[in-house]
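Undergrad: Residue-level listing of the chains:
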Amino acid sequence: MSDTFYDLMRRQGISRRSFLKFCSLTAASLGLGEAGAQQIAKAMETKPRTPVIWIEGLECTCCSESFIRSAHPLVKDVVLSMLSLDYHMTLSAAAGEQLRANAHETIAKHKGNYILAVEGNPPLGEDGNYCIYYGKPFVDVLREYAKDAMAIVSWGSCASWGCVQAAKPNPTRATPVHKVITDKPIIKVPGCPPIAEVMTGVVTYILTFGRLPELDVQGRPKMFYGQRVHDKCYRRPHFDAGQFVERFDDEGARKGYCLYKVGCKGPTTYNACSATRWNEGLSFPIQSGHGCIGCSEDDFWDKGSFYDHLTTIRAPGLSNLGVEGTAERIGLTALGVAGAALAAHAAVSAVRQASSRGRNDRVSDVEK
Amino acid sequence: MKVNRVSGRVLQGPYEPVYVYEAPVRFWHWAMMLCMIVLGVTGYLIARPLPAIGGEATFSYFFANVRMIHFIAAMLFAVLFAVRLVWAIVGNRHARSIFLPPLWSFEWWSGLFHQAAYYLFLRKAPHHWVGHNPLAQLAMFVMFVLGTFVIVFTGLSLFSEQFGWGSGWMNAFGWVNVLLGGSQMVRTVHQLAMWWLALFALVHVYMVFREDIMSGETVISTMINGVRMFKREPR
Ligand code: HEM
Ligand code: SF4
Ligand code: SF4
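Chains as they are written, first to last, in this note's numbering: chain A, -14 to 353; chain B, 1394 to 1628.
If we strip away everything but chain A, and leave its shape as in the complex, we get (with noise of 0.2 angstroms):
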């Protein structure tokens, strides 16, 4: 109960010399400068550490997958570390009524403590039985833990906006956490998956702070989802220029031109992918050539082609019908109509004042 982050690390073999690397590199990928490196290391020396909950509901484990892939091995190891040691599916050593009991045994001591990361979201319909935990709908087992946990982590697009699984006609009636958990602070880390580095860094945040990073007004961490992926694309001078991308295969992708007209939605997507990139770095969907999808954006699923930056309208209540269009078609097409009707009504207009004038009863025109 004493532990702090530092005893831990000391424990795992770490020396104090990595120690202070991981804390000014922490420090660094949070924008917190020399100042917080130490501020950093001083929160970890001091303060008993908050363990971790880690729960999956229904999802894909890219979440996970994405986490165990953050660039600074120690960042990872030393999370890993801290997290694993409580409760997480997949990537406990301990399983079955074993990792249950950890769990319940870390809610128990560490009450209003502990941190509850959600991976996937649970589904409403049918009572919640379409995800079943230990013999239990996903929902109830949500509730139980956020009960007493401190804050909620909502990890990737599923638990922070729906996802895929929620995309209509969203059978299992699959709900973002933070419309069934309403009195918790809840953090959202949307994107399918999100960065690892990302997702590192709100733990690493969380844990040595003890208390989250700062929010935008959905929930967001600012410091990565503050601006969209085309404010920092390194693409943008061919945008600027006018330099587009027109087919996959023109000359303008081989020379690395914009992907605007091949419907990239860096425009309108909150992530911090054309700054951190993926893969320790390496590139990010844009580098290597196609537009960005708008992975982290809520409802990303159910806004028509991946390719045009704009949304697919579809006439309410008739989708099934196949009715949609795009923002242009309906403009063009609205206005040609207007067009034919405004000329069919001049011309019955110019016919009507013809004919009354040649019947001779038009009102007398005597200017006032």
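Derived from the structure by calculation, the hints contain no laboratory data. Just so you know, not all the hints are guaranteed correct.
[Said to hold, decoys possible] Derived SDA-like pairs: lysine to any residue, alpha-carbon spacing no greater than 25 angstroms straight-line:
1. 217/A <-> 1453/B
2. 246/A <-> 1449/B
3. 217/A <-> 1502/B
4. 240/A <-> 1549/B
5. 240/A <-> 1455/B
6. 1517/B <-> 1493/B
7. 246/A <-> 1438/B
8. 217/A <-> 1553/B
9. 246/A <-> 1502/B
10. 246/A <-> 1573/B
[What the hints assert, rightly or not] Covered, in the sense of this in silico footprint (three residues per stretch, anywhere, with C-beta under 8 angstroms from a C-beta of chain B), are these stretches of chain A:
11. 73 to 84
12. 210 to 216
13. 334 to 340
Computed from a predicted structure; not experimentally measured. C-beta: ideal position from N, C-alpha, C; glycine also.
Fit chain B with the ligands to the known structure of chain A by using the hints.
TA: For chain B with the ligands alone, coordinates are given in the frame of chain A:
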């Protein structure tokens, strides 16, 4: 001349010229028109950029300039609209008409149906009106005023995004993003609003010319000198 105060319908002659549009409204009208043309053209170019220009990106800033022109015209447009809202309060009776159609007035509704029937060739002659006829007033409100509100707020929200969440701009206009369910939807609605306003402009221009030629009142010159003249005696 006798005029209904609420609907603006001319009840009895002899007809006299009426000062309808004060100078600020007239100036505003033509300035808005210019802004809208610039915004429509640059906006469409943003949605559907021209084919790529070759050469090094270092030497071209074409697309950024198109956006810059859009933003400058947009700011002017937004300010003009805001000022016009103020003028609706301090200006004359007609300055209010497109913002506050008197939906509570029976006389107004009956005028609206009469006017609609006239345009569907079910009635021989229109009534005479000092300001906008009720149908025009409603169309102005629904198509122009509401459309402009939507395009200005979605536009300002899109503009704010470059400053990031937590910036003053996003604090002021980020709610549009949250309300519509994400930035992509804001963009989509922004473009739909453009088509909505284009539809308005098309109908507006047609009606203005038609009325100028066929109705008993001056229309185009009214937006130039502010005075509504009546060309015929009432029946
Ligand atoms: C008559 C008024 C306006 C029209 C017709 C218009 C039209 C458009 C169109 C068609 C687009 C492209 C949307 C797309 O990508 O499909 C656009 C983009 C945009 N408009 Fe407007 N707009 C108008 C007013 C405004 C206003 C008042 C603002 C406020 C600042 C604004 C700011 C923007 C911004 C920021 C973008 C996105 C540009 C980018 O990120 O590249 N617009 N506009
Ligand atoms: S590739 Fe996408 S994110 Fe990058 S500049 Fe172009 S539109 Fe923006
Ligand atoms: S570039 Fe876009 S789609 Fe790809 S991971 Fe980043 S946010 Fe998701």
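Undergrad: Take the hints in turn and mark each one as holding or not.
TA: Status of the hints after comparison with the structure:
no. : hint              : verdict
1   : 217/A <-> 1453/B  : holds, 19 angstroms
2   : 246/A <-> 1449/B  : holds, 19 angstroms
3   : 217/A <-> 1502/B  : violated, 55 angstroms
4   : 240/A <-> 1549/B  : violated, 33 angstroms
5   : 240/A <-> 1455/B  : holds, 18 angstroms
6   : 1517/B <-> 1493/B : violated, 29 angstroms
7   : 246/A <-> 1438/B  : holds, 12 angstroms
8   : 217/A <-> 1553/B  : holds, 16 angstroms
9   : 246/A <-> 1502/B  : violated, 48 angstroms
10  : 246/A <-> 1573/B  : holds, 23 angstroms
11  : 73 to 84          : violated (count 0)
12  : 210 to 216        : holds (count 5)
13  : 334 to 340        : holds (count 3)
The structure does not agree with the numbered hints 3, 4, 6, 9, 11 stated previously, though it agrees with the rest.
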